[in-house]
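Student: Take a look at the letters that make up each chain.
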Amino acid sequence: MTTESLTTEPALKGRVARSVLAGIGAFVAVGVYVLVSSIGLGLWTTLGPGPGLFPFAMGVLLVAMSAVWLVQELRNPSETTEGVDRGLVLAVVVSLAVLAGVLDLIGFQLSMFLFLMYHLKVRGRRGWPSSLIIALAGSVGAFYAFNYGLNVTLPTAGIPLLNSIGL
Amino acid sequence: MDTLNELIGGFAAAMTWQNLVFAFLGCLLGTIIGVLPGIGPVAGVALLIPLTMNLDATGAIIMLCAIFYGTAYGGTITSVLLNTPGEAASAITTIDGYAMTKIGKAGAALTIAAVGSFVGGTIATLGLVAAAKPLGEMGLMVGPPEFFALMVVGISLLVALAGKSMVKALISGALGLLISMVGIDPVAGAPRFTFGSDNLLDGVSFVAVIVGVFGLSEILSYRKDSAASIVHAPGLRSLLPNRTEWRRSAPSMARGTGIGFGLGLIPGMTGSVSSLLAYVAEKKFSKHRNELGHGAIEGVAGPETANNAHANAALIPLFTLGIPASPTIAVLMGAFLQQGLTPGPTLFTEHSEMAWAIIASLFIGNLLLLLLNVPLVGLWTSILRVPASILTAMILLFMVIGAYTINFNVFDVFVMIAFGLLGLALRHLDIPLAPMVLTLVLGPLMERSLRESLEISQGDFGIFLNRPISMVLIGVGVLIVLSPLLKLRKPKALNEDPET
Numbered sequence: 001m002t003t004e005s006l007t008t009e010p011a012l013k014g015r016v017a018r019s020v021l022a023g024i025g026a027f028v029a030v031g032v033y034v035l036v037s038s039i040g041l042g043l044w045t046t047l048g049p050g051p052g053l054f055p056f057a058m059g060v061l062l063v064a065m066s067a068v069w070l071v072q073e074l075r076n077p078s079e080t081t082e083g084v085d086r087g088l089v090l091a092v093v094v095s096l097a098v099l100a101g102v103l104d105l106i107g108f109q110l111s112m113f114l115f116l117m118y119h120l121k122v123r124g125r126r127g128w129p130s131s132l133i134i135a136l137a138g139s140v141g142a143f144y145a146f147n148y149g150l151n152v153t154l155p156t157a158g159i160p161l162l163n164s165i166g167l
Numbered sequence: 168m169d170t171l172n173e174l175i176g177g178f179a180a181a182m183t184w185q186n187l188v189f190a191f192l193g194c195l196l197g198t199i200i201g202v203l204p205g206i207g208p209v210a211g212v213a214l215l216i217p218l219t220m221n222l223d224a225t226g227a228i229i230m231l232c233a234i235f236y237g238t239a240y241g242g243t244i245t246s247v248l249l250n251t252p253g254e255a256a257s258a259i260t261t262i263d264g265y266a267m268t269k270i271g272k273a274g275a276a277l278t279i280a281a282v283g284s285f286v287g288g289t290i291a292t293l294g295l296v297a298a299a300k301p302l303g304e305m306g307l308m309v310g311p312p313e314f315f316a317l318m319v320v321g322i323s324l325l326v327a328l329a330g331k332s333m334v335k336a337l338i339s340g341a342l343g344l345l346i347s348m349v350g351i352d353p354v355a356g357a358p359r360f361t362f363g364s365d366n367l368l369d370g371v372s373f374v375a376v377i378v379g380v381f382g383l384s385e386i387l388s389y390r391k392d393s394a395a396s397i398v399h400a401p402g403l404r405s406l407l408p409n410r411t412e413w414r415r416s417a418p419s420m421a422r423g424t425g426i427g428f429g430l431g432l433i434p435g436m437t438g439s440v441s442s443l444l445a446y447v448a449e450k451k452f453s454k455h456r457n458e459l460g461h462g463a464i465e466g467v468a469g470p471e472t473a474n475n476a477h478a479n480a481a482l483i484p485l486f487t488l489g490i491p492a493s494p495t496i497a498v499l500m501g502a503f504l505q506q507g508l509t510p511g512p513t514l515f516t517e518h519s520e521m522a523w524a525i526i527a528s529l530f531i532g533n534l535l536l537l538l539l540n541v542p543l544v545g546l547w548t549s550i551l552r553v554p555a556s557i558l559t560a561m562i563l564l565f566m567v568i569g570a571y572t573i574n575f576n577v578f579d580v581f582v583m584i585a586f587g588l589l590g591l592a593l594r595h596l597d598i599p600l601a602p603m604v605l606t607l608v609l610g611p612l613m614e615r616s617l618r619e620s621l622e623i624s625q626g627d628f629g630i631f632l633n634r635p636i637s638m639v640l641i642g643v644g645v646l647i648v649l650s651p652l653l654k655l656r657k658p659k660a661l662n663e664d665p666e667t
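Line by line, the protein sequences are chains A and X.
This note's numbering puts the last residue of the first sequence at 167; the count rises by one with no breaks.
This note's numbering puts the last residue of the second sequence at 667; the count rises by one with no breaks.
Be a bit skeptical, because a hint or two may be false.
[Unchecked claim] Quick list of simulated restraints, FRET-style, between CB atoms:
1) Ala-97(A) / Gly-356(X): 30 to 40 Å
2) Leu-368(X) / Gly-42(A): 10 to 20 Å
3) Gln-72(A) / Ser-519(X): 33 to 43 Å
4) Gln-72(A) / Lys-451(X): 33 to 43 Å
5) Thr-183(X) / Ile-39(A): 46 to 56 Å
6) Lys-451(X) / Val-68(A): 35 to 45 Å
7) Val-60(A) / Pro-554(X): 44 to 54 Å
8) Gly-158(A) / Leu-646(X): 55 to 65 Å
9) Phe-362(X) / Arg-18(A): 27 to 37 Å
10) Gly-83(A) / Pro-554(X): 18 to 28 Å
11) Tyr-148(A) / Ser-519(X): 30 to 40 Å
12) Asn-147(A) / Thr-183(X): 19 to 29 Å
13) Asn-574(X) / Gly-42(A): 23 to 33 Å
[Said to hold, decoys possible] Computed footprint of chain X on chain A, listed as stretches where at least three residues anywhere in the stretch have a Cβ under 8 Å from a Cβ of chain X:
14) 20-29
15) 43-51
16) 58-67
17) 84-96
18) 118-129
19) 137-149
20) 152-166
These are computed hints drawn from the structure, not numbers from a lab.
For every residue, glycine included, the Cβ atom is placed at its ideal position computed from N, Cα and C.
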């Protein structure tokens, strides 16, 4: 549940926080990947600069700046790292991913209705009436408002049975 | 006289009822975004781009521009009433604005802020009218090397000003450029960094990235400690400032306009720098400087005028040179590009009518904001009484619709989620997000002008140094990046210390 918010421990004096190290590591990895693949793309052609030149320069910049950052951290580790509410992050990210996963399958109206009900009723602990009204407005209401008001088509269900009842 | 005729033509086009409705809706949505503390102007404008995709280009841009400057005013309302800035440019207003609320003068503060915003915005738009032709003609003479050099200056200024560490700002900028390179290479046609996915051949969707990095990550980083406050909207009668307050505000508005207009022209300067400097100017020059910090009207009038003058002046480099001066303008530029318009000098030659209609709509929008905001202040504050769980659910709903409808593809929703997590990580590591947006939009343009320049010179990098304008610009850019002396203190730091 969202109640247990885990706060990352503040870095001890003289030690670089683990999250910072992980970040620097990730940037270096991305930078090296970019460097290798941009050489593969070709830095220079007979016509002039190739498709790999600009990415290569960015890869160099990324790796170089990560290195400078590491040196700065080793000398003077940054102290405060604000914690993240992991329950909240997990709930929002997973619910969004599930929503995106089933959007084309069961259509916008049903999937968005369930998504909103989860966030209002389950996570937000709102009463049934207000949850139902808002979830219906945000799913069925938004579907028709976008379709007919703004001419923007939101997905309908891929499953024939659901599709036939207008979802 | 040519300019005047074209402006009149622009008014005729902007006054059609559809365009008036778009401007009105834009002001309304912009104010709401400004009021909501969870969602800033960058994510707000990006989020609403899909809504405008099926409109005609003029209407779409009118609406997005209105959203953009509407946010500049919306943020003020919460600054004054709640001591919480709705967006960064209004942070400094909390000092005297909230102090005025405590002594029962919230209404006067809000009215003066609205009038100041109107004055600043209108004068800056007049500047745009005057500068459009000459600057646009100058812009037409700029070749690829100069264009590249100009973008280097813009990005280096932003890098130098964003956050505490230039190293981190450069990392952010490099990431943005790399993300912008995903897809088919514009010159040679080779796919780059697509990981074999067909979905990535057209590049990563700009709107999905912005909504993820700025909007979703904001929601993901919400913390429990923000307790709900009770807000009371001031009554209509108390909204009218008295004569002394008017008289005291006038010079502050004049100073604010000058500062906001000047800084708005410089790429990389954000509205918060303008409002901060306007406050500093009040502390130096105002007749009532001793009262600042205890509810002096000058402390509201100066910064609020400055941030709207800034917002409108920042459109000048965009319209005339095609250079976005701030992250929000970069998003706006992305919207232009999505509509098939390239902002810059060619805008006035190829789409002259549309350009003037948009400029005319800026005047109308500023007036609409003034008419909308003051009497409706009760409505805006009632938005803040909506419980957080409902607001979060609604914002998530709009994010999903926004990301999905760009290409009508679920893939973009996943892109948004991924970039939401990236944004959260960057926030956690204290890496500024602003340079990333700017390079994300400018990346393809920069790369194209770099490669075109090098093709002209047959691979000789000397082309940037042989041409006087680009040489000076590159020199300025290098100086900025190399000189940590130019680092200004962020207004946020000042905000933590409200009595300074």
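Student: Could you run down the list of hints and mark each one as holding or not?
Tutor: Status of each hint after checking the structure:
Take Ala-97(A) and Gly-356(X): their Cβ atoms lie about 33 Å apart, and the range 30 to 40 Å holds. As the Cβ distance of Leu-368(X) to Gly-42(A) is approximately 19 Å, the hint placing it in 10 to 20 Å holds. Gln-72(A) and Ser-519(X) have their C-beta atoms about 50 Å apart, which leaves the hinted 33 to 43 Å range violated. Restraint check, Gln-72(A) to Lys-451(X): a C-beta distance of roughly 35 Å satisfies the suggested window 33 to 43 Å.
Distance hint for Thr-183(X) and Ile-39(A): a CB-CB separation of about 55 Å, consistent with the stated range 46 to 56 Å. Range check, Lys-451(X) to Val-68(A): Cβ separation about 37 Å, and the 35 to 45 Å hint holds. The hinted range of 44 to 54 Å is satisfied by Val-60(A) and Pro-554(X), whose Cβ atoms lie roughly 49 Å apart. Between Gly-158(A) and Leu-646(X) the C-beta distance comes to about 58 Å, which sits within the given range of 55 to 65 Å.
For Phe-362(X) and Arg-18(A), the hinted distance range of 27 to 37 Å is satisfied, since their beta carbons lie about 28 Å from each other. Checked against the given bound of 18 to 28 Å, the beta carbons of Gly-83(A) and Pro-554(X), roughly 24 Å apart, stay inside it. Between Tyr-148(A) and Ser-519(X) the beta carbon distance is about 34 Å. The supplied range of 30 to 40 Å therefore holds. Checking the proposed 19 to 29 Å range against Asn-147(A) and Thr-183(X) shows it holds: the Cβ atoms sit about 25 Å from each other.
Judged by the Cβ atoms, the range 23 to 33 Å given for Asn-574(X) and Gly-42(A) holds: they are separated by roughly 29 Å. Three residues within the 8 Å Cβ limit are the bar, and the stretch 20-29 of chain A against chain X gives 3, so the coverage statement holds. For the stretch 43-51 of chain A, the proposed coverage by chain X is satisfied: 7 residues have a C-beta within less than 8 Å of a C-beta in that chain, meeting the threshold of three. Under a criterion of three residues with beta carbons nearer than 8 Å to beta carbons of chain X, the stated coverage of the stretch 58-67 of chain A is upheld, 6 such residues being counted.
Counting residues of the stretch 84-96 of chain A whose beta carbon lies closer than 8 Å to any beta carbon of chain X gives 7, which reaches the threshold of three, so the coverage claim holds. Only when three residues or more bring their CB closer than 8 Å to a CB of chain X does the claim for the stretch 118-129 of chain A stand; here the count is 6, and the claim holds. Requiring three or more residues with a Cβ within less than 8 Å of a Cβ of chain X, the coverage given for the stretch 137-149 of chain A holds, as 3 such residues are present. For the stretch 152-166 of chain A, the assignment as covered by chain X holds, since 4 residues bring a beta-carbon within under 8 Å of that chain's beta-carbons and 3 suffice.
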